[in-house]
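J.: When you get a sec, could you build the whole thing from the sequences and use the hints?
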Amino acid sequence: MATDGAFFPVSYYFQLSFANSKNDADASFKEASGISVEVETQEQVCGGENRFKYKLPGVAKYNNLVLKRGLIPKKSGLGKWLNDSLNGGLAKPIIPTDITLMLLYDKSTPLVVWKFVRAYPVKWSISDFNSMENNLAIETLEFAYTLFTKREP
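In this text, residue positions in the sequence shown follow my numbering: the first is 331, and each later residue adds one.
These aren't lab readings, by the way, just hints derived from the structure by calculation.
Note that the coordinates shown come from a computational prediction; the quantities given were computed from them, not determined experimentally.
Straight-line C-alpha distance at most 25 Å; calculated SDA-like pairs for lysine to any residue:
{"id": "1", "residue 1": "K480", "residue 2": "V452"}
{"id": "2", "residue 1": "K410", "residue 2": "D354"}
{"id": "3", "residue 1": "K453", "residue 2": "L471"}
{"id": "4", "residue 1": "K352", "residue 2": "G407"}
{"id": "5", "residue 1": "K398", "residue 2": "M432"}
{"id": "6", "residue 1": "K410", "residue 2": "I468"}
{"id": "7", "residue 1": "K437", "residue 2": "N353"}
{"id": "8", "residue 1": "K422", "residue 2": "N350"}
{"id": "9", "residue 1": "K453", "residue 2": "G419"}
{"id": "10", "residue 1": "K453", "residue 2": "I424"}
{"id": "11", "residue 1": "K422", "residue 2": "Y450"}
{"id": "12", "residue 1": "K398", "residue 2": "K410"}
{"id": "13", "residue 1": "K437", "residue 2": "T479"}
{"id": "14", "residue 1": "K398", "residue 2": "L412"}
{"id": "15", "residue 1": "K352", "residue 2": "L433"}
{"id": "16", "residue 1": "K437", "residue 2": "E361"}
{"id": "17", "residue 1": "K352", "residue 2": "L471"}
{"id": "18", "residue 1": "K404", "residue 2": "G418"}
T.: Here it is in structure tokens:
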């Protein structure tokens, strides 16, 4: 099968940004996953028709956005937002923000841009510590969001 000069982007060249943070270190991640949407269906039986059920579209369901990176021990805007949201005990309001993920190609030009609207943190975890291994400490951040949009610049 010939590709006719088709361009296939690589998944490792991406950039993230948070609307509430201008710090480049806050947006440095090694992995982004969970980018999917699924439309749930409802089955509807119709009187007089016994051969099948109608499947009607329902509400769109978005998976959480999962980001992984090496642990950054210094204080940052993202770290403060995570702490306030996850450890605030609802004493402070959770402030959602937009997260932008850009798949890049030649000369850091965006190929595809996803915008996760009104995202907020729902989970933070750190990799296991093991004195018998020489691994980096990896933190995993998980965000819920209202919806995402995808566009090609």
